[in-house]
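Residue numbers (UniProt numbering), protein chains in the order written: chain F, 1 to 205; chain G, 1 to 236.
Some clues are possibly wrong.
Think about it this way: if two alpha-carbon atoms lie no more than 27 Å apart in a straight line, the pair counts; the simulated BS3-like pairs of lysine-lysine are [stated by the list, open to error]:
1. G:K43 with F:K125
2. G:K152 with F:K62
3. F:K68 with G:K138
4. F:K48 with G:K138
5. F:K136 with F:K171
6. F:K4 with G:K87
7. F:K4 with G:K43
8. F:K62 with G:K87
9. F:K71 with F:K171
10. G:K78 with F:K71
11. F:K4 with F:K136
12. G:K129 with F:K136
13. G:K64 with F:K122
14. G:K152 with F:K48
15. F:K48 with G:K43
16. F:K195 with F:K125
17. F:K169 with F:K68
18. F:K189 with F:K100
19. F:K169 with F:K111
In case anyone wonders, no lab produced these hints; they're calculated from the structure.
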Amino acid sequence: MSGKPRLHYVNARGRMEPIRWLLAAAGVEVYGDLLFQQVPMVEIDGMKMVQTRAILSYIAGKYNLYGKDLKERALIDMYVEGLADLNELITSNFFQPADKKEEHLATVMDKATTRYFPVYEKVLKGHGQDFLVGNKLSRADVQLLEIILLVEESKPDILAKFPLLQSFKAKTSNIPNIKKFLQPGSQRKLPIQEKDIPRLMQIFH
Amino acid sequence: MAGKPKLHYTCGRGKMESIRWLLAAAGVEFEEQFIETNEHLEKLRNGGSLLFQQVPLVEIDGMKMVQTRAILNYIAGKYNLYGKDLKERAWIDMYVEGTTDLMGMIMQLPLQSAEMREKNLALIIERAKTRYFPVYEKALKDHGHDYLVGNKFSWADIQLLEAILMVEECKPDILSAFPQLQAFKGRISNIPTIKKFLQPGSQRKPPADDKYIANRGKCCLTSVRFHFPQLLLKYL
Chain F
1 MSGKPRLHYV NARGRMEPIR WLLAAAGVEV YGDLLFQQVP MVEIDGMKMV QTRAILSYIA
61 GKYNLYGKDL KERALIDMYV EGLADLNELI TSNFFQPADK KEEHLATVMD KATTRYFPVY
121 EKVLKGHGQD FLVGNKLSRA DVQLLEIILL VEESKPDILA KFPLLQSFKA KTSNIPNIKK
181 FLQPGSQRKL PIQEKDIPRL MQIFH
Chain G
1 MAGKPKLHYT CGRGKMESIR WLLAAAGVEF EEQFIETNEH LEKLRNGGSL LFQQVPLVEI
61 DGMKMVQTRA ILNYIAGKYN LYGKDLKERA WIDMYVEGTT DLMGMIMQLP LQSAEMREKN
121 LALIIERAKT RYFPVYEKAL KDHGHDYLVG NKFSWADIQL LEAILMVEEC KPDILSAFPQ
181 LQAFKGRISN IPTIKKFLQP GSQRKPPADD KYIANRGKCC LTSVRFHFPQ LLLKYL
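Required output: the full structure, derived from the provided sequences and hints.
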């Protein structure tokens with residue numbers, strides 16, 4: 001068995017996507033299949049890991065993307081949990097009834113621009129560094145980029161009022177591992193399509 | 001800045017309860033400031049204390065920490081309840097996420113209609129018996145140690161006990177088919193800091209259900225009834 005981490009999930013974004021991003025950012029090659037158990041499941045370093053947060057924390061710790069001490073970790077955790085909340089809000093839109101979708105999406109975009117993005121804009125402004133924590137790439141930066149791109153899929157001009165997030169997006173996208181992940185042919189998954197929803201509902205229900 | 005951690009939340013369990021458990025188990029004294037009105041919450045927000053405009057908020061070691069998991073991670077790390085290396089941490093995280101999922105289901109019950117509550121209660125009990133508790137029962141059986149991870153007391157043990165007691169509040173005999181968990185419950189409940197926390201008069205909060213509300217427990221009762229559902233809905 002190869003030493004590469006192996007991802008078990010459905011062939012879609014969902015809860016595996018942040019994991020793909022983090023592994024890609026760390027430059028870790030993976031291979032995956034469509035086998036379904038309790039998912040996401042990642043076989044890594046002899047463990048069969050489940051639970052998204054546990055998996056992300058392990059990868060971040062292993063590849064030095066989790067700060068240098070407890071306090072940096074604390075900041076990273078706060079930022080990451082905020083992004084997870086926003087991510088949850090966005091993905092929940094797919095499962096809203098058709099007549100509520102538009103209104104729900106508008107609420108989500110409003111939260112993005114009034115509750116979440118201002119926080120990260122302010123953090124970057126406060127220290128003037130390229131990365132959110134400790135002047136070094138961490139999982140918080142990887143996940144912030146992931147979420148920015150996700151929100152832009154619904155509203156391309158979402159960063160109009162956030163100049164620092166715009167330059168953050170550009171700089172972080174240019175990090176070689178991330179740049180590679182953003183190119184076609186990588187393991188990054190496409191947005192959930194309307195047509196996928198019945199299949200996903202069936203699997204996850 | 002020395003001084004006790006200060007917890008800001010409603011006078012109820014919600015998302016703060018696991019934090020209370022962890023601090024108590026670690027033997028850390030803490031203060032609480034109860035949010036009883038929307039004005040109080042707005043004041044916290046306007047004062048810039050809440051990073052994402054939400055509680056829980058814990059002031060600790062000069063930080064204003066928000067996000068339940070971030071707070072729990074920090075406390076566990078600080079008080080050596082998070083394993084000795086990355087792999088032990090991974091196991092603790094997996095175990096903790098499981099109990100968090102289970103307790104999260106129970107937390108929703110007071111907010112639901114009587115009909116939904118009954119349905120979900122049955123689901124919770126089924127999940128506890130077939131999806132969650134078997135995992136911990138097996139872990140303890142396989143290694144035969146007193147604690148879940150690394151033969152040492154950790155956050156995973158504290159949260160498992162919390163979850164067991166919470167499910168028992170729904171169904172007192174839930175552990176009947178789980179002898180390892182019964183013994184585990186006995187052992188962990190007897191750890192001095194935890195024993196103290198389990199006694200009346202501690203900072204442990206009662207469940208927010210109709211029975212509690214009818215009996216008029218110790219603190220800010222009408223606030224719990226009025227504000228807890230609102231706040232939970234907003235901040236979950």
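Any hints this thing doesn't respect? Which numbers, in order? Those not satisfied are hints 3, 7, 12, 15, 16.
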